[in-house]
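Peer 1: The residues making up each chain are set out below.
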Amino acid sequence: MAMHGMRGLAIFISDVRNCQNKELERLRVDKELGNIRNRFKKEKGLTPYAKKKYVWKMLYIYMLGYDVDFGHMEAVSLISAPKYPEKQVGYIVTSCLLNENHDFLRLAINTVRNDIIGRNETSQCLALTLVGNIGGREFAESLAPDVQKLILSSSCRPLVRKKAALCLLRLFRKSPDVVNVDGWADRMAQLLDERDLGVLTASMSLLVSLVSNNHEAYWTCLPKCVKILERLARNQDVPQEYTYYGIPSPWLQVKTMRALQYFPTIEDPNSRRTLFEVLQHILMGTDVVKNVNKNNASHAVLFEALALVMHLDAEKEMLSQCVALLGKFIAVREPNIRYLGLENMARMLIVTDVQEIIKRHQAQIITSLKDPDISICRRALDLLYGMCDVTNAKDIVEELLQYLSSADFTMLEELSLKAAILAEKFAPDLSWYVDVILQLIEKAGDFISDDIWFRVVQFVTNNDDLQTYAAAKAKEYLDKPAVHEKMVKVCAYILGEYSHLLARRPGCTPKEIFSIIHEKLPTVRTTTIPILLSAYAKILIHTQPPDQVLRNQIWAVFTKYESCIDAEIQQRAVEYFALSRKGAALMDILAEMPKFPERQSSLIKKAEDAEGGTAEQSAIKLRAQQQPSNALVVTNQHPANRAPPPVSVGQLSLVKAPSMDDTEDHSIERAPSQENVNISKVDPQAPSADLLSDLLGPLAIEGPPGAAVQYEHNATPGLDSGPDASAIVPVAEETNTIQPIVNIAERFRALCFKDSGILYEDPYIQIGIKAEWRAHHGRLALFLGNKNTSPLISVQALILPPAHLKMELSSVPDTIPPRAQVQFPLEVVNLQPSRDVAVLDFSYKFGTNKVNIKLHLPALLNKFLQPISVSTEEFFPQWRSLAGPPLKLQEVVRGLRPMALTEMENLLHSFGLMISQGLDPNPNNLVASTIFCSEKTHGMLCLVRIETDPADRTQLRMTLASGDPTLTFELKEFIKEQLVSITTVTPAPPAAPPTPQILSSDPAALLAGLLS
Amino acid sequence: MIHFVLLISRQGKVRLTKWYSPYSQKERTKVIRELSGLILTRGPKLCNFVEWRGLRVVYKRYASLYFCMCIDEDDNELEILEIIHHYVEVLDRYFGSVCELDLIYNFHKAYFILDELLLAGELQESGKKTVARLVSAQDSLVETAKEQASSISNIIAQATK
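Protein chains in written order, with my numbering: chain A, 1 to 1012; chain X, 1 to 161.
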């Protein structure tokens, strides 16, 4: 061994080592850096030896972790030194100090290239090493052809060729285009015939990279790989130099099997047979031996063989051999083997049919979860997570919960997230899910992301039968002395919403609930206080009859925070205080939160995103679909497809009530704390209120029953029904002793042209409706509000749909609790055009009074119309092609109330027709278009033309056209009915029959002729 | 592929770093700090793998020195573990029962040898004798150059006498 010393370097290293502390070391290093800097700067005639010495020192200093921001130039310049020792140092230090992104490297490209194409073998090696280690794109583009030549050159020795092969691998990674597939595939195959194992190993690495990118091009390499593997693993035909602890080059074996995993299958039966024999040999012939290196090497080969078997999806027998082996591995004491056993078992999960066998090892895997080695715990956790399904979820999640208390700090976040996801995905029942999450928060509150507790709130909100349980649990947890802040948040939220459900239980009076929550207030941070304030406000409103003492207590809290420096707290305090002082009038703002729209769990989504598009993911999804439990029960509020017409709503326009169709408002990504503050959206200037406010509004109002409706008047201007309107709408049955306090016909008419409002009201009940329409589907929500302090019983609702509508009503509860509102959805599908109206047969009992009402439901033909604008170029060809009955129908309507053209336009617009301005040159005519949606017709274009006579506004002529005769007829009749029905106060005098002359006298007679 | 190789002493002193993936100076310092904290604190008899930033670090302790190699998650860990051992054996053969001090004062040698063993983050040569032969060939080249240099300077010295 030749030790050629550099005295200066050795002295410097000793000096640094002798420094007593970091401070002194820094001083010594700074001094040396100053020295080197000066030398580089001043002495131009620095001897190569001196330069070499300083560059080494720089590398040493750099290695110690100090910034070396100069001298790169000197290092790079040494590369072009004529003598080997300097050149070598230049190359090595450059490749250590710089990375591929340094500009200095560009300076060296030419020198490096000259060394590569030069005849000096040692220089070639140095240059190839540098490029192979830190070469970037530019190197790839300028050097790849030279490097390729070297690999194949017969005059080059193996030491150059193997470096060239790996150098090309680097260049290929940086810029895949530099390897021309067509030309290179054959040469790659040739390279695999190489006898020198050094070159072969390097070439195999290159092949792995190439096939991973494009396996098709390299198919000729496949049989050669099998041959190589056979030669190594079975025939053990390698020079002594290349056996490692008696194993023929384990690295080459591993790489060869890795390359084979990039080919999708092995079609050639001979190769396939040979390969399976070899694999079988490896699987069976690997024994555990004493020597750790031999053991590692043989198991490196074995695990690669396992991976290859899994990839080839071999015969069942072989797979079960693999599972058996893995089962053995996860039980051994040797930690490396156990670690890899767990990891590979998790990979094995993607193979079908083995899951059941893997489940048998559950107990063993749980033992590994508790291993002191965090690496092994992680693998065990991953495997448990992957193998979890409905059958074992309870056991696994409970193990995870137990493990939380003893788990390594760095594991907690992942552990709690996985437990939460599994609990959600496979919960056998929802109360168990709530239990799990609350336990998680209790044990690992710091590591529970907000997503997790938002999700619980969402589940509880959407599942009525869960609310009482959750509230009781929340109280239980808050009763404990030291509670995590996240627990305070979630419990306060749940108690705020649902503690009134516990009211009859001991220790659960509103006052007691309040004091339990309020006890925690001094311990929480400002971000939590708003949630507590909301809870107080909700407790206050749910307390019936009002409790003066509690009210004063809560008001004191609000007053205290009125001047809080935190804007959010301040705003809530001020607003809640103001609201609660207003009495019941505005308190429905604090009613229970509406149900959340159904959506994918953000947790599961996160987990899936993290997993990427692997087969594993699909397996998880598949299992997620199979699981029968815990479907989210939600109301499915899709955002309305078309915006309901704006309605001005008297007093209530002050407040924006929680909007049901505004999904943004309820996104779980946002904290319920924020959703809770619908109250903070009070906007005194808001000109129009959300449509729902009139729905939710009156229920909580103490005032006289009639008050609720007054602002409904004039909701749709121009549609005031006349006295005869009741002819269309049969009202409540005569036998009822209880009389409605609203004009039902009027309500119905109003609802025909808007999507939410009150359908019916009497002294005991109010029925509201809210609808969303999308193409031929409709989703109605009926709101039944009990206005009294005693329950309504024997509640029954029956839908009598006409033939053309498919309606599904979810079950209606038998009882409506006092002062409560229940909501139930109604799905509507429009099968075909028809003007028939659906009827809701509704009955309830209040005391001894039985009330039975039949109400028309506003699911009319026009609800399935979608206005569409049609241009002149589109209109006329359509109009012409729909020539004559039954597709095109015309009728003259007489006896109408005279109305201005704009009024008529508004009316048509409210039906869902789009007026095409200027399409008809006659200003007295209207042309409109719309799309009608039903299951039978799908979306069908309807064209309408209305000709009015300026001389006699009591009559008009309608022409309708569509691709469906029924549709044309029904739509014509519908419009006619609507026009007639608004013929109110002044019955039209009998009018002269319209004659064609009226129209032909028109200046636009020509067009009219064309149009009709 | 191997992203980097680190040799760290039990006290956390860095004895060698080699980066095959582009890391900036800042990142390099951070990586070393993080991994020292992660690996040096691990007790004996644990497995030789550490999961870190979606990658795997395979490490092995020899006396007071930790040899670490960082690889991709789906690489073969045991194969890398034996590359580490292979490197140690070559060092051992070169220095004759290698110790940490050898590597401190001859860190450049450790680099030369590593460059014969690994290239582009892949194993280049698995024959111990081959590596030894190549490294000693380089050494003798350096020696020859030195002798030449000194003989030339002798000639010059004599000529200028």
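Mixed in with the good hints there might be a few duds.
To be verified - Subject to a maximum C-alpha distance of 20 Å in a straight line, what follows is the list of computed EDC-like cross-link-like pairs (lysine to aspartate or glutamate):
{"hint": "1", "chain 1": "A", "residue 1": "Lys370", "chain 2": "X", "residue 2": "Glu51"}
{"hint": "2", "chain 1": "A", "residue 1": "Lys83", "chain 2": "X", "residue 2": "Asp139"}
{"hint": "3", "chain 1": "A", "residue 1": "Lys41", "chain 2": "A", "residue 2": "Glu74"}
{"hint": "4", "chain 1": "X", "residue 1": "Lys26", "chain 2": "A", "residue 2": "Asp177"}
{"hint": "5", "chain 1": "A", "residue 1": "Lys290", "chain 2": "X", "residue 2": "Glu89"}
{"hint": "6", "chain 1": "X", "residue 1": "Lys13", "chain 2": "A", "residue 2": "Glu32"}
{"hint": "7", "chain 1": "A", "residue 1": "Lys511", "chain 2": "A", "residue 2": "Glu598"}
{"hint": "8", "chain 1": "A", "residue 1": "Lys53", "chain 2": "X", "residue 2": "Glu143"}
{"hint": "9", "chain 1": "X", "residue 1": "Lys128", "chain 2": "A", "residue 2": "Glu334"}
{"hint": "10", "chain 1": "X", "residue 1": "Lys129", "chain 2": "A", "residue 2": "Glu241"}
{"hint": "11", "chain 1": "A", "residue 1": "Lys754", "chain 2": "A", "residue 2": "Glu592"}
{"hint": "12", "chain 1": "X", "residue 1": "Lys13", "chain 2": "A", "residue 2": "Glu230"}
{"hint": "13", "chain 1": "A", "residue 1": "Lys394", "chain 2": "A", "residue 2": "Glu356"}
{"hint": "14", "chain 1": "X", "residue 1": "Lys13", "chain 2": "X", "residue 2": "Asp72"}
{"hint": "15", "chain 1": "X", "residue 1": "Lys45", "chain 2": "A", "residue 2": "Glu334"}
{"hint": "16", "chain 1": "A", "residue 1": "Lys53", "chain 2": "X", "residue 2": "Glu89"}
{"hint": "17", "chain 1": "X", "residue 1": "Lys18", "chain 2": "A", "residue 2": "Asp67"}
{"hint": "18", "chain 1": "X", "residue 1": "Lys30", "chain 2": "A", "residue 2": "Asp67"}
{"hint": "19", "chain 1": "X", "residue 1": "Lys13", "chain 2": "A", "residue 2": "Asp15"}
{"hint": "20", "chain 1": "A", "residue 1": "Lys294", "chain 2": "X", "residue 2": "Glu51"}
{"hint": "21", "chain 1": "A", "residue 1": "Lys83", "chain 2": "A", "residue 2": "Glu121"}
{"hint": "22", "chain 1": "X", "residue 1": "Lys26", "chain 2": "A", "residue 2": "Glu808"}
{"hint": "23", "chain 1": "X", "residue 1": "Lys13", "chain 2": "A", "residue 2": "Glu267"}
{"hint": "24", "chain 1": "A", "residue 1": "Lys227", "chain 2": "A", "residue 2": "Glu267"}
{"hint": "25", "chain 1": "X", "residue 1": "Lys45", "chain 2": "A", "residue 2": "Asp196"}
{"hint": "26", "chain 1": "A", "residue 1": "Lys224", "chain 2": "A", "residue 2": "Glu194"}
{"hint": "27", "chain 1": "X", "residue 1": "Lys18", "chain 2": "X", "residue 2": "Glu147"}
{"hint": "28", "chain 1": "A", "residue 1": "Lys149", "chain 2": "A", "residue 2": "Asp103"}
{"hint": "29", "chain 1": "A", "residue 1": "Lys227", "chain 2": "A", "residue 2": "Asp193"}
{"hint": "30", "chain 1": "A", "residue 1": "Lys83", "chain 2": "X", "residue 2": "Glu147"}
{"hint": "31", "chain 1": "A", "residue 1": "Lys83", "chain 2": "X", "residue 2": "Glu100"}
{"hint": "32", "chain 1": "A", "residue 1": "Lys53", "chain 2": "X", "residue 2": "Asp102"}
{"hint": "33", "chain 1": "A", "residue 1": "Lys174", "chain 2": "X", "residue 2": "Asp72"}
{"hint": "34", "chain 1": "X", "residue 1": "Lys128", "chain 2": "A", "residue 2": "Glu23"}
{"hint": "35", "chain 1": "X", "residue 1": "Lys13", "chain 2": "A", "residue 2": "Glu905"}
{"hint": "36", "chain 1": "X", "residue 1": "Lys30", "chain 2": "A", "residue 2": "Glu241"}
{"hint": "37", "chain 1": "X", "residue 1": "Lys128", "chain 2": "A", "residue 2": "Asp371"}
{"hint": "38", "chain 1": "A", "residue 1": "Lys520", "chain 2": "A", "residue 2": "Asp465"}
{"hint": "39", "chain 1": "A", "residue 1": "Lys294", "chain 2": "X", "residue 2": "Glu89"}
Derived from the structure by calculation, the hints contain no laboratory data.
Peer 1: For every hint, state whether the structure bears it out.
Peer 2: Status of the hints after comparison with the structure:
This hinted pair checks out: Lys370 (chain A) and Glu51 (chain X) have alpha carbons roughly 17 Å apart, not beyond 20 Å. The hinted pair formed by Lys83 (chain A) and Asp139 (chain X) meets the criterion: a straight-line CA distance of about 13 Å does not exceed 20 Å. For the given pair, Lys41 (chain A) sits about 10 Å from Glu74 (chain A) by alpha-carbon distance, which is consistent with the 20 Å threshold. For the hint pairing Lys26 (chain X) with Asp177 (chain A), the CA-to-CA distance comes to about 31 Å; that exceeds 20 Å, so the pair is violated.
The straight-line distance between the Cα atoms of Lys290 (chain A) and Glu89 (chain X) is roughly 19 Å, inside the 20 Å bound, and the hint therefore holds. Taken as a hint, the Lys13 (chain X) and Glu32 (chain A) pair is honoured in the structure, with Cα atoms around 19 Å apart against an allowance of 20 Å. Pair hint Lys511 (chain A) plus Glu598 (chain A) does not hold up; C-alpha atoms about 34 Å apart against a cutoff of 20 Å. A hinted pair counts as satisfied when its Cα atoms are at most 20 Å apart, and Lys53 (chain A) with Glu143 (chain X) qualifies at roughly 16 Å.
Taken as a hint, the Lys128 (chain X) and Glu334 (chain A) pair is broken in the structure, with Cα atoms around 28 Å apart against an allowance of 20 Å. At roughly 7 Å between alpha-carbon atoms, Lys129 (chain X) and Glu241 (chain A) fall within 20 Å of each other, so this suggested pair holds. For the hint pairing Lys754 (chain A) with Glu592 (chain A), the CA-to-CA distance comes to about 25 Å; that exceeds 20 Å, so the pair is violated. For the suggested pair Lys13 (chain X) and Glu230 (chain A), the alpha carbons sit about 45 Å apart, so the restraint of at most 20 Å is broken.
With a C-alpha separation of about 17 Å, the suggested pairing of Lys394 (chain A) with Glu356 (chain A) holds against the 20 Å cut-off. Distance restraint check for Lys13 (chain X) and Asp72 (chain X): the Cα-Cα separation of roughly 25 Å exceeds the 20 Å cut-off, and the hinted pair is therefore not satisfied. The straight-line distance between the Cα atoms of Lys45 (chain X) and Glu334 (chain A) is roughly 8 Å, inside the 20 Å bound, and the hint therefore holds. At roughly 28 Å between alpha-carbon atoms, Lys53 (chain A) and Glu89 (chain X) are farther apart than 20 Å, so this suggested pair is violated.
This hinted pair checks out: Lys18 (chain X) and Asp67 (chain A) have alpha carbons roughly 16 Å apart, not beyond 20 Å. The hinted pair formed by Lys30 (chain X) and Asp67 (chain A) meets the criterion: a straight-line CA distance of about 13 Å does not exceed 20 Å. Between Lys13 (chain X) and Asp15 (chain A) the alpha-carbon distance is near 15 Å, which keeps this suggested pair within the 20 Å criterion. In summary, the hint linking Lys294 (chain A) to Glu51 (chain X) is not supported, as the alpha carbons are separated by about 24 Å, beyond the 20 Å threshold.
For a cut-off of 20 Å, the pair hint linking Lys83 (chain A) to Glu121 (chain A) stands: about 13 Å separates their Cα positions. Of the supplied pair hints, the one linking Lys26 (chain X) and Glu808 (chain A) is violated, its CA atoms being roughly 64 Å apart against a limit of 20 Å. Of the pairs offered as hints, the one joining Lys13 (chain X) and Glu267 (chain A) is violated, with about 53 Å between alpha carbons and a cut-off of 20 Å exceeded. Under the criterion of a C-alpha separation no larger than 20 Å, the hint pairing Lys227 (chain A) with Glu267 (chain A) is consistent with the structure, at around 15 Å.
Between Lys45 (chain X) and Asp196 (chain A) the CA atoms are separated by roughly 38 Å; this puts the pair beyond 20 Å, and the hint is violated. Straight-line distance between C-alpha atoms of Lys224 (chain A) and Glu194 (chain A) comes to about 11 Å, which keeps the hinted pair within the 20 Å bound. Between Lys18 (chain X) and Glu147 (chain X) the alpha-carbon distance is near 31 Å, which puts this suggested pair outside the 20 Å criterion. With a C-alpha separation of about 27 Å, the suggested pair Lys149 (chain A) and Asp103 (chain A) falls outside the 20 Å cut-off, and the hint is violated.
Between Lys227 (chain A) and Asp193 (chain A), the direct Cα distance comes to roughly 10 Å. Compliance with the 20 Å bound is thereby established for this hinted pair. Using a Cα cut-off of 20 Å, the hinted pair Lys83 (chain A) and Glu147 (chain X) holds, with the two alpha carbons roughly 12 Å apart. Distance check on the hinted pair: Lys83 (chain A) and Glu100 (chain X) sit about 31 Å apart at the alpha-carbon level, beyond 20 Å; violated. Proximity of Lys53 (chain A) to Asp102 (chain X) is assessed by CA-CA distance (about 18 Å); at most 20 Å being required, the pair is judged to hold.
With a CA separation close to 17 Å, the supplied pair Lys174 (chain A) and Asp72 (chain X) stays within the 20 Å bound. The hinted pair formed by Lys128 (chain X) and Glu23 (chain A) fails the criterion: a straight-line CA distance of about 41 Å is larger than 20 Å. Distance hint between Lys13 (chain X) and Glu905 (chain A) is unfulfilled; the C-alpha atoms sit about 85 Å from each other, more than 20 Å. The straight-line distance between the Cα atoms of Lys30 (chain X) and Glu241 (chain A) is roughly 39 Å, outside the 20 Å bound, and the hint therefore fails.
Between the alpha carbons of Lys128 (chain X) and Asp371 (chain A) the distance comes to roughly 37 Å, so the proposed pair goes past 20 Å and is violated. Taking the CA atoms of Lys520 (chain A) and Asp465 (chain A), the gap is near 28 Å; set against the 20 Å cutoff, the hint is violated. Restraint check for Lys294 (chain A) and Glu89 (chain X): satisfied, since their Cα atoms lie roughly 14 Å apart, inside the 20 Å limit.
Comparing the model with each numbered hint stated earlier shows that hints 4, 7, 9, 11, 12, 14, 16, 20, 22, 23, 25, 27, 28, 31, 34, 35, 36, 37 and 38 do not hold.
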